[in-house]
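Listed below are the residues making up each chain.
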Amino acid sequence: MKAVYKKPDVLKNVNFHFCPGCQHGLAHKIIAEAIDNFGIGDRSIAVIGVGCGVFLYDYFDVDSLEAPHGRGLAVATGVKRARPERIVFTYQGDGDLASIGLAETVHAANRGENVSVFFINNTVYGMTGGQMAPTTLLGQITTTSPYGREFQREGYPIRMAEMLATLEGVAFSARVALCTPKQLMEAKKAVKKAFQMQIEGLGFSFVEILSACPTNWNMQPLEAIKRVEDEMIPFFPLGIFKERRVSDVL
Amino acid sequence: MENLFLRGSEALALGAIDASVKFYAGYPITPQNDIPEFLSRELPKVGGKFVQAESEVAAINMLLGASACGIRVMTSSSSPGISLMQEGISYLAGSELPAVIVNVMRWGPGLGGIGASQGDYHQATKGGGHGDYFVPVFAPYSAQEMYDLIVKAFDVADEYRTPTMLLVDVMISLMKERVIRRYQKGKNVKKKSWAFGSIKEGEQKIIKSLYLKGNDLEKHNWKLYEKYKTMCKKEVMYESYMCDDAEIVLVGFGMVARIGKSAIDIARERNIKAGLFRPISLVPFPEKELEAISEKCKNFLVVEMNTGQMIHDIQRVLGKDINIAFYGKPSSYAPTPEELFSKIKEQIKR
Chain A
1 MKAVYKKPDV LKNVNFHFCP GCQHGLAHKI IAEAIDNFGI GDRSIAVIGV
51 GCGVFLYDYF DVDSLEAPHG RGLAVATGVK RARPERIVFT YQGDGDLASI
101 GLAETVHAAN RGENVSVFFI NNTVYGMTGG QMAPTTLLGQ ITTTSPYGRE
151 FQREGYPIRM AEMLATLEGV AFSARVALCT PKQLMEAKKA VKKAFQMQIE
201 GLGFSFVEIL SACPTNWNMQ PLEAIKRVED EMIPFFPLGI FKERRVSDVL
Chain B
1 MENLFLRGSE ALALGAIDAS VKFYAGYPIT PQNDIPEFLS RELPKVGGKF
51 VQAESEVAAI NMLLGASACG IRVMTSSSSP GISLMQEGIS YLAGSELPAV
101 IVNVMRWGPG LGGIGASQGD YHQATKGGGH GDYFVPVFAP YSAQEMYDLI
151 VKAFDVADEY RTPTMLLVDV MISLMKERVI RRYQKGKNVK KKSWAFGSIK
201 EGEQKIIKSL YLKGNDLEKH NWKLYEKYKT MCKKEVMYES YMCDDAEIVL
251 VGFGMVARIG KSAIDIARER NIKAGLFRPI SLVPFPEKEL EAISEKCKNF
301 LVVEMNTGQM IHDIQRVLGK DINIAFYGKP SSYAPTPEEL FSKIKEQIKR
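One line per chain: the protein sequences are A and B, in this order.
Going by our numbering, the residue at position 182 of the first sequence is 182; the numbering climbs one at a time, nothing skipped.
Going by our numbering, the residue at position 181 of the second sequence is 181; the numbering climbs one at a time, nothing skipped.
One or more hints might be untrue.
[Claimed, not checked] Calculated lysine to any residue pairs in the SDA-like style (CA-CA distance at most 25 Å, straight line): (1) B/K288 - B/S332; (2) B/K200 - A/Q196; (3) B/K208 - A/T128; (4) B/K200 - A/L202.
Worth flagging that the hints you see were computed from the coordinates, not collected in a lab.
Nothing here was measured: the structure is a model prediction, and the numbers come from that model.
Could you put the whole structure together from the sequences, leaning on the hints where they help?
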């Protein structure tokens with residue numbers, strides 16, 4: 001019988017630990033598919049941040065390095081400089097990449113480190129139990145913004161994909177979502193493009209993935225997906241904000 | 001073997017290159033900038049990589065990434081910068097990754113000052129970052145030792161898979177003197193089977209410090225402790241100068257020991273039986289060797305450029321029956337040999 005659908009080869013035969021309705025699993029899968037697509041499983045090194053994504057090495061059969069919270073892109077810089085022949089990617093959440101690790105993120109991007117970054121934006125700290133993140137939306141209630149995020153008190157959510165697109169070192173910056181088949185197709189393309197950029201040596205590639213967190217949003221999975229569409233996407237628009245071509249760097 | 005006339009900082013950087021360092025990341029801070037300046041110029045010539053990081057926090061984590069790839073890595077900084085690196089040092093220890101960290105000490109707390117200080121003894125020897133681990137620490141007292149001990153630090157870091165520190169006095173770093181370039185280049189560099197190679201070799205490699213299952217963490221911490229116990233047996237370094245018949249022994253490390261030696265010479269010229277004991281490895285501390293001296297000599301004078309830090313280790317080792325005096329200089333002005341000699345005389349009269 002012809003297989004019409006199968007698990008990506010780079011994923012191990014292990015069940016994800018993620019909560020029902022969480023989109024980390026989907027994000028893992030499309031990254032794994034892209035790795036299979038380029039046949040780079042043996043060349044890849046995953047640098048994993050602290051957060052719900054920390055167990056990525058339990059699911060991906062790739063060499064993996066755990067970074068301290070926020071330091072993923074400093075660690076990835078060290079790996080890539082030491083082993084430029086390897087494909088280096090980070091997988092980081094919003095607290096990790098956009099709060100405690102903002103300096104490391106911006107400077108690695110600005111240096112044009114030739115690595116790929118997958119950034120999970122779910123507007124909360126997931127692993128620690130739903131505290132306010134730098135991406136938490138205005139009015140959003142979290143365990144540390146019990147009155148709702150207010151800009152006079154907590155400031156505005158950060159749009160990372162747009163911000164990084166302004167830096168010369170960035171080759172690719174996009175924001176995607178995983179809620180509809182169309183969004184998923186776009187997300188797969190963007191993730192592939194990020195690896196492609198690195199393989200071609202074009203510089204820093206960044207994909208922001210909007211992701212549902214039903215547990216910390218106190219929602220049913222379907223409600224959570226609706227929230228991504230109705231509340232997140234209007235503030236965090238989907239699209240490609242920067243795309244460098246080979247001819248641009250010649 | 002070349003005979004050179006070098007500043008301590010240059011001797012250290014040259015030693016690092018002879019020890020085959022292949023990656024340096026750091027952030028500018030006084031008074032250690034001549035080390036990154038030297039390496040930014042020299043490392044690319046030997047196929048090494050130099051990165052000026054956006055902060056000390058980033059620098060130490062760049063080391064973590066590069067070290068996981070099996071190459072020799074180092075950074076240098078000064079006290080406030082070393083404080084920022086402590087998180088990364090803890091992760092290096094937990095992930096069992098070798099790295100060499102050089103601290104050319106200046107004053108604290110806070111911004112403190114940029115003069116000579118030994119204020120970081122506690123931070124260096126008693127942990128520094130969070131968690132249950134030891135970092136081997138060596139304290140050079142000459143330009144030659146800056147060269148020799150950086151080489152030693154790389155070997156120890158690899159042997160025990162641990163971050164290793166050089167605790168340096170700024171005067172040693174800036175003083176220019178004779179250095180014999182005596183290390184055979186890259187002699188002890190071995191392939192690291194645990195590190196990421198240029199391609200995935202067989203089983204997936206995971207380098208991490210997170211242990212959540214069962215008693216994995218307890219086992220891990222005991223394993224780190226066993227490494228420390230082995231270091232205590234194999235890596236102790238010290239110098240004992242005229243201690244055999246000494247009636248008083250001055251104890252100091254780094255710059256203080258260098259000055260102390262002149263004070264001992266003054267004392268001996270005046271027929272005062274004084275000696276000097278100098279720990280070179282601060283971790284592991286030369287406990288047995290110090291204890292052995294105390295079997296004959298009951299009078300000790302501990303001198304430090306702080307308000308008293310190493311003295312706690314001396315008191316712990318020697319116990320209450322030994323007469324231990326302390327002379328501290330928590331300022332940028334190092335004691336003179338005459339000043340130390342007068343302290344030796346005072347202590348003898350007691």
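Are the Cα positions of B/K200 and A/L202 separated by 25 Å at most? 23 Å, holds
Pairwise hint evaluation, A/Q196 against B/K200, where the allowed Cα distance is 25 Å at most: It holds: about 20 Å lies between the C-alpha atoms, which stays within 25 Å.
Given the hinted pair B/K288 and B/S332, is their Cα-Cα distance within 25 Å? Roughly 32 Å between the alpha carbons, so the hint for B/K288 and B/S332 is violated.
With a cut-off of 25 Å on the C-alpha distance, tell me whether B/K208 and A/T128 pass. Given that 25 Å is the threshold and the Cα spacing comes to 20 Å, the pair holds.
Comparing the model with each numbered hint stated earlier shows that hint 1 is the single one that does not hold.
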